[in-house]
Every structure is written in C-alpha cells, then in structure tokens.
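Enquirer: One letter stands for each residue in the lines below.
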Amino acid sequence: MPRVRPMRTEAIVLRQRPLGDADRICVLFAPLHGRIEAVAKGVRKPLSKVSGHVAPLSRGTFGIAPGRSLDIITEAQTLDAWPSLHDDINRMTEALAIAELVDRSTDLDIAARPLYRLLHQSLDALASTPSPASIRWWFTLRFLDQQGYRPELEACVRCRAVLEPDGNGFAATEGGVVCPRCRSGGLGQPLSAPAFRLLRYMRRSSCEATAQVNVDAATAAEIERHLRLSVEQALDTRLRSRDFADDLARAETLGKRATNAASSGNGQREDQHRATV
Amino acid sequence: MRRSPATAPTIARLIDAFHRLPGIGPKSAQRLAYHVLRAPRSEAEDLAAALLDVKNSTKLCQICQNITDADPCELCLDPQRTVATICVVEEPLDVAAIERAGVHRGRYHVLHGAISPMDGVGPDDLRVRELLSRLGDPEVEEVILAMNPNLEGEATAGYLSRVIATMGVRITRIAHGLPVGADVEYADERTLRAALTHRVDVEPEQNSDGS
Ligand SMILES: [Zn+2]
Ligand SMILES: [Zn+2]
Numbered sequence: 103m104p105r106v107r108p109m110r111t112e113a114i115v116l117r118q119r120p121l122g123d124a125d126r127i128c129v130l131f132a133p134l135h136g137r138i139e140a141v142a143k144g145v146r147k148p149l150s151k152v153s154g155h156v157a158p159l160s161r162g163t164f165g166i167a168p169g170r171s172l173d174i175i176t177e178a179q180t181l182d183a184w185p186s187l188h189d190d191i192n193r194m195t196e197a198l199a200i201a202e203l204v205d206r207s208t209d210l211d212i213a214a215r216p217l218y219r220l221l222h223q224s225l226d227a228l229a230s231t232p233s234p235a236s237i238r239w240w241f242t243l244r245f246l247d248q249q250g251y252r253p254e255l256e257a258c259v260r261c262r263a264v265l266e267p268d269g270n271g272f273a274a275t276e277g278g279v280v281c282p283r284c285r286s287g288g289l290g291q292p293l294s295a296p297a298f299r300l301l302r303y304m305r306r307s308s309c310e311a312t313a314q315v316n317v318d319a320a321t322a323a324e325i326e327r328h329l330r331l332s333v334e335q336a337l338d339t340r341l342r343s344r345d346f347a348d349d350l351a352r353a354e355t356l357g358k359r360a361t362n363a364a365s366s367g368n369g370q371r372e373d374q375h376r377a378t379v
Numbered sequence: 055m056r057r058s059p060a061t062a063p064t065i066a067r068l069i070d071a072f073h074r075l076p077g078i079g080p081k082s083a084q085r086l087a088y089h090v091l092r093a094p095r096s097e098a099e100d101l102a103a104a105l106l107d108v109k110n111s112t113k114l115c116q117i118c119q120n121i122t123d124a125d126p127c128e129l130c131l132d133p134q135r136t137v138a139t140i141c142v143v144e145e146p147l148d149v150a151a152i153e154r155a156g157v158h159r160g161r162y163h164v165l166h167g168a169i170s171p172m173d174g175v176g177p178d179d180l181r182v183r184e185l186l187s188r189l190g191d192p193e194v195e196e197v198i199l200a201m202n203p204n205l206e207g208e209a210t211a212g213y214l215s216r217v218i219a220t221m222g223v224r225i226t227r228i229a230h231g232l233p234v235g236a237d238v239e240y241a242d243e244r245t246l247r248a249a250l251t252h253r254v255d256v257e258p259e260q261n262s263d264g265s
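For the protein sequence lines, the chains are R and H, in the order given.
For what it's worth, this note's numbering labels the leading residue of the first sequence as 103, then goes sequentially.
For what it's worth, this note's numbering labels the leading residue of the second sequence as 55, then goes sequentially.
Please keep in mind that the hints were generated in silico from the structure rather than gathered at the bench.
Note that the coordinates shown come from a computational prediction; the quantities given were computed from them, not determined experimentally.
Check the hints yourself; a few may be wrong.
Computed footprint of chain R on chain H; a stretch qualifies when at least three of its residues, placed anywhere within it, have a C-beta under 8 Å from a C-beta of chain R [claimed, not checked]: (1) 201-209; (2) 213-222; (3) 242-250.
Backbone N, C-alpha and C fix where the C-beta goes; we use that ideal spot for every residue, glycine too.
Next up, chain H with everything else stripped away, as it sits in the complex (with noise of 0.2 Å):
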C-alpha cells in the first residue's frame, strides 16, 4: 500500500495489520486504524487481549474437532445431544450456521477443510481419521453429510461415503434446492433438478379452529 511520509510508521504498521484481515480495504484498514487511536486506552486493551486470548487458549476439540477453550467442547459435552447422530461440515462456521437453524440435535465432526483434487487437497489433509474413529463406536447410528454443494463439497462427500459406506452406519446428505428469497427463474439446471427430486408432499390445510 503507498502511503505519505506524513503517516507516523506505528499507525502505519497498525494500518497494514488490519488491511490484511479479510474483507478490509485500505480504506476501511484506514478507518479502523484511528478508530483505534482516538478510542480510549482500555478499548485497544480489550482488543489486544481478545486477539492474544484467541491465540492462546483456542485449542480443537479432541472428538469434534472443533475450535473450542475447553476440551471436549460444550457441544460434545451436551447430555442433551444423541451420540447417535453426527453431522459432518467443512468448518467451524458452518457449526454455528447449523446450529443457529437450531434443527440438528446430535454432535458435529469438523473437517477442516475440503477435498479439493485439482489443488492436490486429499483426505489425508482433513480430519478424516478422527471422524472414522468415531464411527467405530456401536452407539452412532447415521452420519450427515453437510458439505457444501460445490464441486470440492462433491468430491468430499463422495469420498467420505464410500470410506463409511463400509462401516454399517447410515449415510445421510442434506438436501439441495432453491434458497429462501431466490427466483426459479435463475435457478441453474442443477438447483432444479435437485429441488425437483427431493420435492415435498403439501400437508393439506389445517383449520386453526377445528371445524
């Protein structure tokens, strides 16, 4: 990024940092960066905290794999949730996602990742081993593949059936179709075909009264 002589080379180190986050253009980066400045003293201490705490004591979970602070997770440790159950995702956003749906009441297994071919990202690059040894206890009885419907989330849930379809435990994916707020008319072929597969019976309208 070219910058004036006039920005002292703290502000400008603080600058770059934040630049390099995801989505931060220079000018937000920019913003950001004497947001940081002006803001009182302890505000940049909580926020230098938060980004040392996360390194620290950030750790995955030994069953799910999932970022957690303690080991074995809280979702793990749930009384509430079936073993039976585990559903399978990419990354550890997609736990939250899923779990703001608040539909699944099993465990999760966290990939780390997808099987990308053409990248040379294989198996032995995810946390697949872990997944299989957990399929070896007698309790679970059906794995849900929640990759994403992209060629990479093919190639893994491809992958993954047939190394589990050994294994004596249902194999289950989540259906693919339209989303919420999306027109029929710019669905691609393959959206269609899938939403028109995995149609649903229309229950028959209940009368709120009874009658």
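Chain R extracted, bound-state conformation (with noise of 0.2 Å):
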C-alpha cells in the first residue's frame, strides 16, 4: 500500500530482503509511521548512494516518496551505523534477536513512539556494553509490557500470594511468577533465587545499571529460558534469530571436532584428489 505523498522520517533499518537484481525492500521502523517497508533502489551495486545507509541495524534519516507499487526511498542519511554492531558478532546476533520482536510484533504505518525509544536505547546499549546479553534480556522485559504481557514478578499470578526469593516457578503461559503451593501442581518450570533476583533488579534497573551485573552461566540460562517462552507465548510464534545464536554457541565445538576428524584420518586430503584422476 503505497503512501500518498512524500515524507521524511527518522527511522531504525530492521532488515532487508533482496528485490530483483539490484534492489532491496527494507523494514524500516519509525517512532510515527512504526514499520516501514520501501524500496532501496540499486543498493546491491556498488555506486549507489543510498547502499550504505539503508544497513539493518543503523538509524538515520530517510526520505521516501510513493512508488508504482511500493514505497522508495529516495534518500538515507546515517545518524547511527553502529559499527561493533556488525563488527562483533555477539552483539550483532543480541541485536538481531531485538530486531526480530520488533519486526514480529508491529504492523505498518502504526505509531509506536514507546517502541522506538526502547529499541534506540537499547541498540545503544548493545553498541558499548561489555555484557549484550543482559541488554537484550532488559529491553525484552519492557517489550512483554509494551505488548501487553507484562510478567508478573511481585505476587503470585495464580493466587496473588506475596512471594518469597526462594521455591518460586515461573509459567510463562500463566504470565509470570508461581508461588511454591501452586507450583506444587505441576505449572512453570523452577525459578531460582538468583534468577528470580535478577529478573526483579532488571525490571527496575536502567539498562547501564543491567550491564554491569555479572550473571553466572546457570542463571543466564535459565533468564534464557523464561523469557524466550514468555516472548513466543506472547507473539504467538518461534523465534528465528534464536537458532543462529544456538549455531554460534556450538561453533567452536564444531570447529575442534572437524580438527579431531581429521587427525584421525577422515578428514580430506587436498592432494589425493588430485592423485585420484
């Protein structure tokens, strides 16, 4: 659905996909339109002007003017590249993952002021922080409350009882924290003091504050584990960006493997290929 005139807007690239030869669609995200799909014409050869301001993961001003049948922009000014963002392949798979539920959860042309700072903000965070993790776990907790699915981590969501540190569970279907009577019928899986902890310091915390937290590799997983069933219950959907992360996470076991294959003798010879034909 094309727009009806030309505008300019400051706006986050989500993604891109390739159109034709030489062009891409881009979702864009914008604090007044929300998601944004329009064309950049020509960026896949080399001299376009606008290739290298339309990258997903940078902000920048972009002008866009009604097209035949999709929207094009016309020009892309960068006012954030972010560069370790695409450089570190930790962040980028933590902004990714941001990326991915911002795109899930908006339609087009609606706006989403609250979402737009959040994700700015937060895209900032993962630029610097020496923790991206904590960011993205940060960011998604205000996301579930933006979107309406708030989790619950004062009383207990089955029977409002005040709850202690210790015994607790978390539903993600039931929208937070079980008390350990209700827990004892078998809802949630366990939540660990430390987690629970973390989870509470997190909702309240700015997003440095988060950063600065060491987490140990247990209740990382565990955080993991809570949040991601919370965001697919709440998006109704699987999250894609979240195997990659699974694949980097084995990389380096599959990288000594491969070595082990090969020092023992199934790996291939270059050369004996060669002395094959």
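Hints given; two lone chains; assemble the complex.
Expert: Here you go:
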C-alpha cells in the first residue's frame, strides 16, 4: 500500500531482503509510522548513493516517496551506524534478536513512539556494553510490558500470594511467577532465587545498571529459557534469530570436532583428490 | 500477465517462461519470444539444447562445491593453484568475479548462500561442513573470507571465524572500502571507517629512467 505523498522520517533499519537483481526491500521502524517497507533501488550495485545508508541495525533519516507499487527510499543519511553491532558477532546476534521482536510485533504504519525509544536506547547500549545478552533481557522485559504481556514478578499469578525469594516457579503460559504452593501442582518451571532476583533487578534498573551485573552461566541459561517462552507465548511464534544464537554457541565445538576428525584420518586431503584423477 | 486472446497459446507459454527469468519484464519477454519465433530453427534448437544441458550435465564439484561439468572441477585440478589458500565465497558467480580480478592463485569454496538469522537461514543450510572437512588437510594454511559486506555476509564471516579459530588455520577477510569510481562525499560511515582503518602507504614514485 504505497503512501500518497513523500515524507522524511528518522528510522531504524530492522532488516532487508533482495528484490530483483539490484534492489532491496528495507523494513524500517519509525517513531510516528511504525513499520515501513520501502525499496532501496540499486543498492546491490557498488555505486549506489543510498547503499551504505540502509544497512540493517543502523539509524538514519530517510526520504520516502510513493512508487508505482511499493514505496521508494529516495535519500538516506546515517545517524548511527553502530559499527560494533556489525563487527562483533555476539553483539550482532543480540541486536538481531531485538530487531526480530520489533519486526514481528508491529503492524505497518502504526505510531510506535515508546517502542521506538526502547529500541533506540537498547541498540545504543548494545553497541557499547560488555554484556550484550543482559541488554536483550532488559529490552525483552520492557517489550513484553509494552505489548501487554508484562510478566508478573511481585505476586503469584495464580493465587496472588506475596512471593518469597525461594522455591518459586516461572509459568510463561500464566504470565509470570507462581508461588511454591501453586507450583506444586506442576505449574511452570523452577525459578531459582538468583534468576528471580535478577529479573526483579532488571525490571527496576536502567540498562546501564543492568549491563554491570555479573551473571553466572546457569542463571543466564535460566533467564534465557523463561524470557524465550514468554516472548514466544506473547507473539505466538517461534523466534528464528535465536536459532543462530544456538548455532554460534556450538561453533567452537564444531571446529574442534572437525579438527579431530581430520587427525583421525577422516579429513579429505586435497592432494588425494588430485592423485585419484 | 494479461494478454489478448489474439496471442497463440504456444507463444503465450514461451512469453510466460521468459517472464519468469530474473530481470525480464513483460515487454522484454514478448520481444524475446517473437525473436525466437522468427529466428532460424537451428537457433531455437541450440537454445533448447543449452537449457537442457545445463540441467542435465552440471553438478557440484565434490571439493569446492562450485557448479561444474566435470567433478572435481578444473580449478580444483589445476596444479598451478596452491592448496594452501582457500577463498570462501557465497555464490558460484563470486568465483567468476574473483577469477576475473586475477589475483587469487589458490582454491575456492562456494557456500551457496549466506547466513540470514532473521530469515531462518543457518550454517546447516550452507556448504559449511564440506569446508570444515577440507580444512582438516594440513596443507591448508589460510582461509580468505570473501563474503559480501552486508549483514548476512558479516554474520557468515563471524560464524566461520569462530568455527575455524579452533582449527589452527589463518583466517583473513577481504578488505572493505571505497569502490572504484565512488565519491568520498557519498560514502557511508562504515565504509569510510573501513577504508581509513585499512589505508595503505603510498609508494614513493619510481622514475622510469632510473635517475
Ligand atoms: Zn500461588
Ligand atoms: Zn572444485
């Protein structure tokens, strides 16, 4: 649905996909327009003037004009390139997960100022923080809140009992923490005291403060599990970008396994191929 | 595509077939179809044979995964090319482009795509395992990552670097910077950063007469 008149807006580029031989469709997210899909023409050719300015995970100002069937990006100027989100694979993975949430949750052309502000702040923080995963958790808590799925962390979602630090469970299907008594009915998954404490801390703290917290691997895995279930519950979909996070986590093992396979004689030798011809 | 009933169904079918090709609009499809119609029979037979041959006789080279008529491919069999360096690219067309530049004298590896986390395209969808098994060869010293300088390329290069880092092979990435013919004025921030970071010394001018 092309718009009627040209406009200029600040926006964050969420993603792109190829269109024809030389063009790309860009998904932008703008404070007053929400999701915008527009074509960046000729960006896959080296001399395109917009090409470097429509990269996913960047913020810029965009001129958008109605085209025959799709909107066209007529000009683009980068405000934040966030190089570290592109050069550092860990940061990129977290940033993509955040971008995917925004992409999946918003409709075309709907004002989304609070979500825009949250996205902007989170990507800014991701670009400089030493602990990118906690920024994504911090984002996810607020994202769920804005989408109307605020996880209950104060009282038991089932019986409203005030929660003690220990022995609780997390039930994504119910929308938050359940007390030991309700949990004994088999509701939710165990919620450790450190994970519960961290969830509450992230809810009331700034993203800078959240980035400072040291999180052990077990607690991180637990938070990851609870938030992933909550988000998939809220958006009613599986998140693709988390699959890549899993692939990345397995990368070193894969490399080591390939080395072992080679040293035990299973590796191909290039010169053997040459010899058999 | 809307077409007048005056177009014979056989021609309409050919127009449709051309129209499905990348970069061919309805007008061009029509022009091509009528060209084939008017051309001598032998030309049509050549075209048809070429189309079928490309489907029947090409396969992937078992070593580099490039599209080839003979397996292993010519590049993998060329004794002049060193086994020590493998240049990893996204698509078969990238091999042709790098070959035209005439600088790389090693081998290639074609991934057939790039990782795109948001589209659900992961390493298992690419020819990554085939690459890793090649890196087991002790003669391989360096892997050149020649991915496109976009998000998918960066994700792919980042992932491969992490996997290969444990394998004791040198990893390099092709440099990014300003394309020939581009204006500095229009360059984006990241391109300029890359161009400045990887700047090179200007050699003092050589006098041709040696004085
Ligand atoms: Zn309860
Ligand atoms: Zn080959």
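Enquirer: Next step is simple, just say for each hint if it's right about the structure.
Expert: Structure-based check of each hint:
1. 201-209: Satisfied; 4 residues make the cut.
2. 213-222: With 9 residues close enough to chain R, the hint holds.
3. 242-250: Holds, because 5 residues of the segment 242-250 of chain H bring their Cβ atoms closer than 8 Å to Cβ atoms of chain R.
Every hint, counting from the list given before, is met by this structure.
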